[in-house]
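There are 2 protein chains.
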Amino acid sequence: MAEVKNKQVLLRDYVCGYPKESDMYVTTTSTLNLKLPQGSIGVLVKNLYLSCDPYMRNRMKKLLDPTYYAESFKPNSPISGFGVAEVLESGDLKFKEGDLVWGITGWEQYSVINATKSVFKIHDTDVPLSYYAGILGMPGMTAYAGFYELCSPKKGEYVFVSAASGAVGQLVGQFAKLLGCYVVGSAGTKEKVDLLKNKFGYDEAFNYKEEADLDAALKRYFPEGIDIYFENVGGKMLDAVLLNMRLNARIAVCGMISQYNLEYPEGVHNLMNLITKQARLQGFVVTNYYHLYPKFLEFILPSIKQGKIVYVEDVVQGLENAPAALVGLFLGRNVGKQIVAISHE
Amino acid sequence: MAEVKNKQVLLRDYVCGYPKESDMYVTTTSTLNLKLPQGSIGVLVKNLYLSCDPYMRNRMKKLLDPTYYAESFKPNSPISGFGVAEVLESGDLKFKEGDLVWGITGWEQYSVINATKSVFKIHDTDVPLSYYAGILGMPGMTAYAGFYELCSPKKGEYVFVSAASGAVGQLVGQFAKLLGCYVVGSAGTKEKVDLLKNKFGYDEAFNYKEEADLDAALKRYFPEGIDIYFENVGGKMLDAVLLNMRLNARIAVCGMISQYNLEYPEGVHNLMNLITKQARLQGFVVTNYYHLYPKFLEFILPSIKQGKIVYVEDVVQGLENAPAALVGLFLGRNVGKQIVAISHE
Ligand SMILES: NC(=O)c1ccc[n+]([C@@H]2O[C@H](COP(=O)([O-])OP(=O)(O)OC[C@H]3O[C@@H](n4cnc5c(N)ncnc54)[C@H](OP(=O)(O)O)[C@@H]3O)[C@@H](O)[C@H]2O)c1
Ligand SMILES: NC(=O)c1ccc[n+]([C@@H]2O[C@H](COP(=O)([O-])OP(=O)(O)OC[C@H]3O[C@@H](n4cnc5c(N)ncnc54)[C@H](OP(=O)(O)O)[C@@H]3O)[C@@H](O)[C@H]2O)c1
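If you're matching them up, the sequences are chains Z and D in order. Take the first sequence: its position 105, counting from 1, is numbered 105 in our numbering, and each next residue is one higher. For our numbering, count along the second sequence from 1 and bump the result up by 1000.
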């Protein structure tokens, strides 16, 4: 019944505007009994990889709506999020010591996870374990469900993806290429644009920060208009897309990261085009599509192993670097899926 | 081969901002040969009723996009729109002298219609003929397709309709009530609010012009939120609805009349709620659903005759009064479907 130090990342206080590293802090003084309490139906895990995800910004504010899909982090408590972990002890029959799992865990070395229904056992370890915090976890499922379930994609269609080199975007572009679509992505640096074209197989890519007129940029890459827009950023980009839709266009609203740190979201002006273009704008939350996870694995695991799908991760080491990695998402610092590796702590 | 006077309503020039009566003018000097040219495949008609429709505002401006679903009216030419007419002579085998028809015709006493594919023969005359410019014509089909095809309505759902007493709105509310939904409508006068509650069977109705806070108004009528919004007005009302959606809400974007006369459309700020509510916003154009017209008639004609569906029209007499009737739509002057009767000219 060893008592161990348990390094943790805690929220300092609710956040307004852009999150800063100093909105979180790391303690090394907390300790944990490496044993589940008698009768526990949870699992005790050692965390290996943590996932930095944009939706976590939302949990950093005081959420008042009880029907909302996520809960606020608590000031001076460890934050939580998706991660990959090893089971040390289990009170849940689905898991046993030594199992590898992914799901919602704490931003700390060791966690007791009581809500085991958001924990999934990892069966295939022929791929990097960290993938279960990215391509084989929540972001992968997001790209899969958002693209295949919401966009009704067809071969030859014109597809646009924003935040295109990120955890979700890099996959959407590759899925669309596999299907024979024409695919263009936008991202915020030259390095990312190069990745899009040279690594992920996008037909074209551009740096949205260098385009004074997003409408003109889209007209350049889509002279015939856009059939499918995978929406990750919102705001001005959405407004420009609305001006460039083809008849029966579909927009999957996955995220609107450009709006997450504003006190009042920007206005979108061109919605009338939805009528004349008979177009659809549809939001979704990935957890609603988890029933497709087995089907997704059947498709994605062989695709990874055969090299048909690649995945770029941006891995930082250690819980000390986790706050910077998380806030970096909102500054576009991550190149690919942002992961924090803590297995060696 | 009688030459007759042919009174006409012409567009004076392209319109900016709110349309005015003086943007159109009426001539009585034009004449027409009451005979089709040799070899014509069109129909010569005497117009009986004309329909005033909000989309006509769009045709009053110089439209530059050739892929757009409608064409500009031409300055100093008669405007055109939906109407009910009697066939005087036909070069199209589908029609013969004496037939009654509805479809796109000119704003004038007599028209030669060459595009007969947008003209439909009227078979049932046990109902007011003017209905074929409203409930049995384009606006009726709009309510039907928009509600049944786009909203996926289910018994017991919470439905909100804006411009709820108008040509389209009054029907959407009644369709939703027939299905067992809870239905609330908004309109711009007390008289219309009374109509909604007492004539069309809406559960509740409110005057949006008297609500300083549309979000609060919607929360009052929909404490549990909105499942279906039939969008006729856009702008601030849409923004308020986005704050009050239930999970899996559906918004059929039929029109956004509050935006038609603005040089630059207002911004809509609350689209992020589409994600968390996993909601859908979908635009449509009624002409795409005309294949459902026979099925629609099968449903609507008995409903009218059995008094299950009522229809309120606002009929003005004479082409002289047509410009005022048309611009009145944008001032909310019409109470129910706005019709111009010209049968006695
Ligand atoms: N609906 C769901 O269930 C669900 C699930 C997962 C993720 N999401 C959403 O999907 C989107 C992508 O998430 P991800 O995990 O793949 O993140 P990511 O793309 O790996 O990282 C975020 C990226 O967003 C871009 N960005 C940041 N601020 C921006 C701004 N103001 N304007 C434009 N781009 C900006 C940055 O790239 P640049 O260098 O290109 O600017 C940054 O690298 C997010 O909106 C997220 O909330 C939704
Ligand atoms: N997508 C399609 O195929 C299709 C087909 C037909 C119609 N539509 C659209 O459906 C909507 C309703 O058409 P309708 O024929 O039934 O017209 P209507 O409701 O009979 O007449 C227009 C009504 O709109 C309201 N209105 C005017 N300006 C407004 C503003 N600034 N804010 C809020 N309400 C305003 C007025 O009523 P209040 O007194 O309540 O303000 C007015 O009576 C329009 O947006 C139209 O463009 C679309």
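Heads up, some of the hints might be wrong.
As the list claims (entries may be wrong) - Below, a list of computed lysine-lysine pairs in the BS3-like style, where the Cα atoms sit at most 30 Å apart:
# : chain 1 : residue 1 : chain 2 : residue 2
1 : Z       : Lys305    : Z       : Lys121
2 : D       : Lys1062   : Z       : Lys61
3 : Z       : Lys199    : Z       : Lys219
4 : D       : Lys1219   : Z       : Lys74
5 : Z       : Lys62     : D       : Lys1295
Derived by calculation from the structure, the hints in this document are not laboratory data.
- Item | Hints the structure fails to honour | The structure breaks hints 2, 5; every other hint is satisfied.
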